[in-house]
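Once you have looked at the hints, place chain Y on chain Z.
Protein chains: 2
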Amino acid sequence: MSPGEVPVYSTGGRLKAMERRVKIGEVVLRLAMCGLGVLTCALIGTDTEVRTIFSLEKKAKFSDMRALVFLVIANGIASGYSLIQGVRCLVAMSRGSVLFNKALAWAIFSCDQVMAYVLLAAVAAAMQSAVLGEFGQPEMQWMKICNLYRKFCNQVGEGLVSSFLASLSMVTISFVSAFNLFRLYGTNKGRGSSSYTVGM
Amino acid sequence: MSPGEVPVYSTGGRLKAMERRVKIGEVVLRLAMCGLGVLTCALIGTDTEVRTIFSLEKKAKFSDMRALVFLVIANGIASGYSLIQGVRCLVAMSRGSVLFNKALAWAIFSCDQVMAYVLLAAVAAAMQSAVLGEFGQPEMQWMKICNLYRKFCNQVGEGLVSSFLASLSMVTISFVSAFNLFRLYGTNKGRGSSSYTVGM
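Which chain is which? The protein sequence lines are Z and Y, in order. Going by UniProt numbering, the first sequence opens with residue 1, and the numbers climb by one from there. Going by UniProt numbering, the second sequence opens with residue 1, and the numbers climb by one from there.
For reference, chain Z alone in the conformation it holds in the complex:
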């Protein structure tokens, strides 16, 4: 046997079973991410409240806050992306094919990472705006607005929870695609949990 010819399933069914679990998990996560992203867009995008104060009509809507607009756009893009990737995974599963193409693995890995980081950044920025709306920042003369727009703020809160779950799914997906990519550079060593020392 030449050094290049390494059996893929050298440890028998264990690796095969793990690959199957990872594949199913990836599809579930991608579709869950898509659903949560759409839910976020729906919750935040339709969020509006009108209050009449001393016969003066005041309206709060999601587009009044830059961070919420960014959140809706990021979730929309990530949902569409996740749907496409989910379908790709399903097709690959039904064909029973395994990803061994490094270029494709790199492309998927890069896109997943960018999506995960952008989504998390959008959630963090929106969370900061929400905290500002709830508690204000009196030192900067930024007053809280949630005592005025209670329903608006509650719905933003629900959207933030769903968006946080969406970004957690995306982060987990990015782990899966990192796994799918970097195992192609595998050494096939260290199957146990003991520590080896190899001279360089």
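Treat the hints as calculated values from the structure; they're not laboratory data. Just so you know, not all the hints are guaranteed correct.
Because identical chains cannot be distinguished in the list, a pair is counted as satisfied if it fits within a single copy or across any two copies.
Claimed, not checked - SDA-like mimics (lysine to any residue), calculated; alpha carbons at most 25 Å apart, straight line:
# : residue 1 : residue 2
1 : Lys-61    : Val-131
2 : Lys-102   : Glu-19
3 : Lys-102   : Ala-42
Positioned in the frame of chain Z, the structure of chain Y alone reads:
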């Protein structure tokens, strides 16, 4: 040769050279991250400006904004962590040892991922506060403050740039630790860039 006995450097010096480059890159990135994190803490933590408006003294300091406090704390923790990890990498390099311990690789991978995401979230939240300070959000009655505290805002901007570079370093480090971990699950397949299809 039994299936378990796979030569580590089956493709000769190429893998060895790549491993060495990755190791050196990791040390450089960890130390750069540490330096940039400390720079961020110094820039933001010492940022203060006093203005006298109609004989009324007004002071802006970083602790007036929650997001900046969070940024300083996150950068402080990440810098300390990176320093410890950088030293660990240097010791491992001087000993010429290679990481084959799955438990340790998982621990490093998890910590790196958490640090990268927390740091990026802190930067995003602080960026949102900075945009608010620069442009305000008139719909919410949150007025811009940077026309008043120009020097304060400029220094926050410098801190944000350094913090963004720090989080980019941390993100790249998290790729390296994902590489170090998941290659332990390697299939040793797909060295070329062609696509294989294996029945499941």
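Tested hints:
In this assembly of identical chains, the alpha carbons of Lys-61 and Val-131 lie at most 25 Å apart whether taken from the same copy (17 Å) or from different copies (19 Å). Within a single copy, Lys-102 and Glu-19 get their C-alpha atoms as close as 17 Å, and across copies as close as 18 Å, so both meet the 25 Å cut-off. Within a single copy, Lys-102 and Ala-42 get their C-alpha atoms no closer than 37 Å, and across copies no closer than 42 Å, so neither meets the 25 Å cut-off.
In this structure, only the earlier hint numbered 3 is contradicted, and the remaining ones agree with it.
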